[in-house]
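Asks: As given, the protein sequences belong to chains A and B, one line each in that order.
Heads up: the first sequence begins at 1 in the numbering used here, then just goes up one per residue.
Heads up: the second sequence begins at 1 in the numbering used here, then just goes up one per residue.
Everything labelled a hint here was simulated from the structure, so no lab data went into it.
A virtual CB, placed ideally from N, CA and C, is assigned to each residue, including glycine.
Any given hint could be a false lead.
To be verified - Here are the simulated lysine to aspartate or glutamate pairs, DMTMM-like style, with alpha carbons at most 25 Å apart:
no. : chain 1 : residue 1 : chain 2 : residue 2
1   : B       : 137       : A       : 13
2   : A       : 433       : A       : 418
3   : A       : 609       : A       : 262
4   : A       : 223       : B       : 262
5   : B       : 137       : A       : 303
6   : A       : 396       : A       : 512
7   : A       : 516       : A       : 262
8   : A       : 205       : A       : 15
9   : A       : 223       : A       : 236
10  : A       : 223       : A       : 91
11  : B       : 137       : B       : 304
12  : B       : 137       : A       : 12
To be verified - Residues from chain A that keep clear of chain B, each with C-beta distances beyond 12 Å, as calculated:
no. : residue
13  : 11
14  : 14
15  : 164
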Amino acid sequence: MLIDRQDSYDGEERDQRRFSVRVFVALLILFLLIMTLGVRLFSLQVGAHEHFTTLSENNRLRIEPIPPTRGLIFDRNGVLLAENRPAYQLEVTVEQAGDLDLLLERLSGLVDLSTLEIERFLASVRQRRPFQPVLLKAGLDDEAVARIAVARHELPGVEIEARPVRHYPLGADFAHVVGYVGRINEQDLRRLDTRNYAGTSHTGKTGVERYYEDILHGTTGHKQVEVNAQGRVIRELSAVPPVPGKDLILSIDVELQRAARDALAPNDGAVVAIDPATGEVLALVSKPGFDPNPFVNGISHRDFAALQADPHKPLFNRALSGQYPPGSTLKPIVALAGLEENVTTAERRMFATGYFQIPGHERRYRDWKRGGHGWVDMSRAIAVSSDVYFYDLAFKLGIDRMAPMFGAFGIGSRVGIDATGERPGILPSREWKRSVQNLPWFPGETVITAIGQGYMLATPLQLADVASTLANRGHRVQPRLLLAIHEGGNGDPVMQPVQHLPPVSASEAHWDVIHKALIESVHARHGTAWGSIGSNPPSGYQIAGKTGTAQVFSLAPDQEYDQDALDRRLWDHALFVAYAPADSPTIAVGVLVEHGGSGGRVAAPVARKVIDFHLASRGQVAAAGEGP
Amino acid sequence: MISVTGRELTTSQWLLRSLRLDGTLLVLIAVLLMLGLVVLFSASGESVEALERQMSRIAIGMLALLVVARIPISTLRAASPWLFLAALGLLFAVVLFGDVGKGARRWLDLGVIRFQPSEIMKLAMPLMVAWYLSLRKAPPRFLDLLVVGVLIVVPVVLIMRQPDLGTALLVGAAGLLVVFLAGLNWRWFVGLGLAIAALIPLLWTQMHDYQRQRVLTLLNPESDPLGAGYHIIQSKIAIGSGGLYGKGWLNGTQSQLQFLPERSTDFVFAVYAEEFGFLGVVLLMALYFLIVGRGLWIAAMAQERFCRLIAGSISLTFAVYMVVNMGMVSGLLPVVGIPLPLVSYGGTSLVTLMVGFGILMAVHSQQRLVNR
Chain A
1 MLIDRQDSYD GEERDQRRFS VRVFVALLIL FLLIMTLGVR LFSLQVGAHE
51 HFTTLSENNR LRIEPIPPTR GLIFDRNGVL LAENRPAYQL EVTVEQAGDL
101 DLLLERLSGL VDLSTLEIER FLASVRQRRP FQPVLLKAGL DDEAVARIAV
151 ARHELPGVEI EARPVRHYPL GADFAHVVGY VGRINEQDLR RLDTRNYAGT
201 SHTGKTGVER YYEDILHGTT GHKQVEVNAQ GRVIRELSAV PPVPGKDLIL
251 SIDVELQRAA RDALAPNDGA VVAIDPATGE VLALVSKPGF DPNPFVNGIS
301 HRDFAALQAD PHKPLFNRAL SGQYPPGSTL KPIVALAGLE ENVTTAERRM
351 FATGYFQIPG HERRYRDWKR GGHGWVDMSR AIAVSSDVYF YDLAFKLGID
401 RMAPMFGAFG IGSRVGIDAT GERPGILPSR EWKRSVQNLP WFPGETVITA
451 IGQGYMLATP LQLADVASTL ANRGHRVQPR LLLAIHEGGN GDPVMQPVQH
501 LPPVSASEAH WDVIHKALIE SVHARHGTAW GSIGSNPPSG YQIAGKTGTA
551 QVFSLAPDQE YDQDALDRRL WDHALFVAYA PADSPTIAVG VLVEHGGSGG
601 RVAAPVARKV IDFHLASRGQ VAAAGEGP
Chain B
1 MISVTGRELT TSQWLLRSLR LDGTLLVLIA VLLMLGLVVL FSASGESVEA
51 LERQMSRIAI GMLALLVVAR IPISTLRAAS PWLFLAALGL LFAVVLFGDV
101 GKGARRWLDL GVIRFQPSEI MKLAMPLMVA WYLSLRKAPP RFLDLLVVGV
151 LIVVPVVLIM RQPDLGTALL VGAAGLLVVF LAGLNWRWFV GLGLAIAALI
201 PLLWTQMHDY QRQRVLTLLN PESDPLGAGY HIIQSKIAIG SGGLYGKGWL
251 NGTQSQLQFL PERSTDFVFA VYAEEFGFLG VVLLMALYFL IVGRGLWIAA
301 MAQERFCRLI AGSISLTFAV YMVVNMGMVS GLLPVVGIPL PLVSYGGTSL
351 VTLMVGFGIL MAVHSQQRLV NR
């Protein structure tokens, strides 16, 4: 015991001694290293001092970045969506300006200077050298340029510079597709390669501008300039020119986009149209839009606050970020699941009453139609949109066999479109509910999922994608906005390849059933879209589609939905998914009309107009359907 | 005069003691920080804004130092393995969902704050190795070496893959220095040296293009005067033209005329050398040597193995920082992206360094308590 303690004490002491030796060795090594550094620095600073002094005095060569011009963005027919316009901006060179306060006072008499602009100006004055010009105000109009030019003699150090500024000629209609660029901020700097952005002031913030930033930006060049002893540039010696950004050609059709916007009027909503063969997005409308141009050089706080406070939410990209209950539009998916899982057949008929009850439960799940639809088979159930038929089918399928089919159609995961802001929607399942709410799944939730209520949410883009998948009989193509990349005006545009997604596999016979039912729902007298399309059909082709009406709030079992008595913001969302021509589809459409009311009455006509316009412009039909 | 335990103390001594600080180390650090601000003002083109930002970072660092100095060593020791595991987990998290900035994946975004987990590892690594070795018999055996080897290699490889060669180097050094101080047989260090020499070709194939370019440029900077060699050429001109006495504060043409890239961050030493000359350089090196020396003295005086190891490793890692940065700026070592400690502009490394000094202070004050 005693020896033990003696031992450990000895160990501690020995350890400390050993440590001290090591520390001594470390100090010795450090000393040697510092001496090495000292010798090196001595040889540089004292030994080669003259050599380096000469170099330093001759060091009049500086490298300055030359920013590349940003690539342009066109629609599929060559209509310009984003361009670079020379814009005049006011710059001040502080050392020539003399009294800054006086100068600012004089200038504010000539142009409208906001406090924000002055604040920014003073902040960057502190960071720059006195001989470097500092931006005071961007986007001068011709009148202001003229006023300043006249008063030039009493404005020392003031320059008017023309610099390219991003401009979106079509404004609000394409803000949600193209997005916009803005000044590079600290957050952007973390993401961007500072070397390649050395001379760049703006970067893509949203939409295609952000997604394809790498392609649009190009490569910064640099020039060697000679400077005098104060650092002023005397002349340019050599330059590596920048490589301009490449132009993008989008699959969007400007005319179709506008037709879709007009078709939505007077409501808010979203329309997405896709070419099912290639995945090219022909139109992507989120109404209302907003003018992206003020964002380029920084929108004022007041204007931004006004946009944010607008009850129509113009900044919100409904087409990509808006997640809505899909309503009855996804009933075909439930039908397909029923067929594939052998739970039902197309021919099986049931008597659809006004409500459905889960065996052994009290609660009544009501049909949208009082009294029900009578005898329906699958095709008729889709066409008349019988809720009770699908409550029954969903109950027999169960959520575990239903959710995978929704998932196969892309619900609950991002489609992966090449723009920013896309959201995945929600694919409810047992696992989803457990992980999000930590609650078990209830049979009642299965039942309402079949009619697109409950937890399920989908974006208008996803609805259009579902329409495209239905049109392709399960073949899935990746929806995309980029049609081709065009390099600086020379050579042919490089077409982007069609990307395929994992297909929805189902037997041909089953696809036939769904296809037939979707035509029936538009063109049969009992179909939900008969009133707005079938009764006055387009000539030369048929439309296959499914209506949907999604509740914004839930009614108690004994309540009736009475649109007239409701606040507009509580009206149902109207939805429609469709593809056409039904026999060889060239366009698939997803329509959402926010608080529009009935899908058949409000959303279907929107899709009809978009499809008519598209097929007419492609020459697939002589003209749109004759008017009433 | 305040009387504590029978001895007369001056007010400042009493204050230092109650704050658990070592006056000598504190003064040395303060002088270095002050010098750093002076250089920074010049390097940033007399930017008051940069100065204010750096001062607020110093304030945060000081606060961290004061807080850490009060943590009992026993707590620190008990927390060591957990801190290490947490840092390791965060490093894996960076691999999985880190933010990419400037082509490297180093950042982790927690919504509120964004930080580099590799920075935590700079302290977690020596703490962990010291914790492990202080549990084992001294000097370390072969088995210990294997365990410690794994502890060091895994985080270093993760950080290297981000890629962040500079931090990987510092983290690896912090771990190895503990092993060295623990009294590992010299043979092993010779063996390790040989192994590293053998690994260099393998490392070469693992490096990113830009990292390879830096090494190649070091060997012959003139080969690429506009690209990768520009840094080293300009920095050598700055240092060399400074001469014995320097061009004077705010008068360095290389830095003031913006020939020198990254002049307020990694290359700030070149600005200092240009404006204060060789004499200034000697003064700066002496200051660093004194700080390291004081740190090692604190380590050697500590009564506990864990304290000695951690204090020794922190002090010597600080020395590695300085030697590597000066080496790379003066063209002796490849540019690996290690700042000049306590002088370079930037917050992340500054705060970590100050926390490290906080641990040194804690070791120091604990040692005094044992003496009493």
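Asks: Determine for every hint whether it applies to the structure shown.
Replies: Right, here's what the structure says about each hint:
1. 137(B) <-> 13(A): holds (13 Å)
2. 433(A) <-> 418(A): Judged against 25 Å, a Cα distance of about 30 Å means the pair is violated.
3. 609(A) <-> 262(A): holds (9 Å)
4. 223(A) <-> 262(B): holds (19 Å)
5. 137(B) <-> 303(A): violated (71 Å)
6. 396(A) <-> 512(A): Within the cut-off at roughly 22 Å; holds.
7. 516(A) <-> 262(A): violated (30 Å)
8. 205(A) <-> 15(A): violated (61 Å)
9. 223(A) <-> 236(A): holds (7 Å)
10. 223(A) <-> 91(A): holds (22 Å)
11. 137(B) <-> 304(B): holds (13 Å)
12. 137(B) <-> 12(A): Distance ~10 Å between residue 137(B) and residue 12(A) Cα, so the pair holds.
13. 11: Not fine: 7 Å to the nearest Cβ puts residue 11(A) too close to chain B.
14. 14: About 8 Å separates residue 14(A) from the closest Cβ of chain B, which leaves it inside 12 Å; violated.
15. 164: With a cut-off of 12 Å, residue 164(A) remains clear of chain B, as the shortest Cβ separation is near 25 Å.
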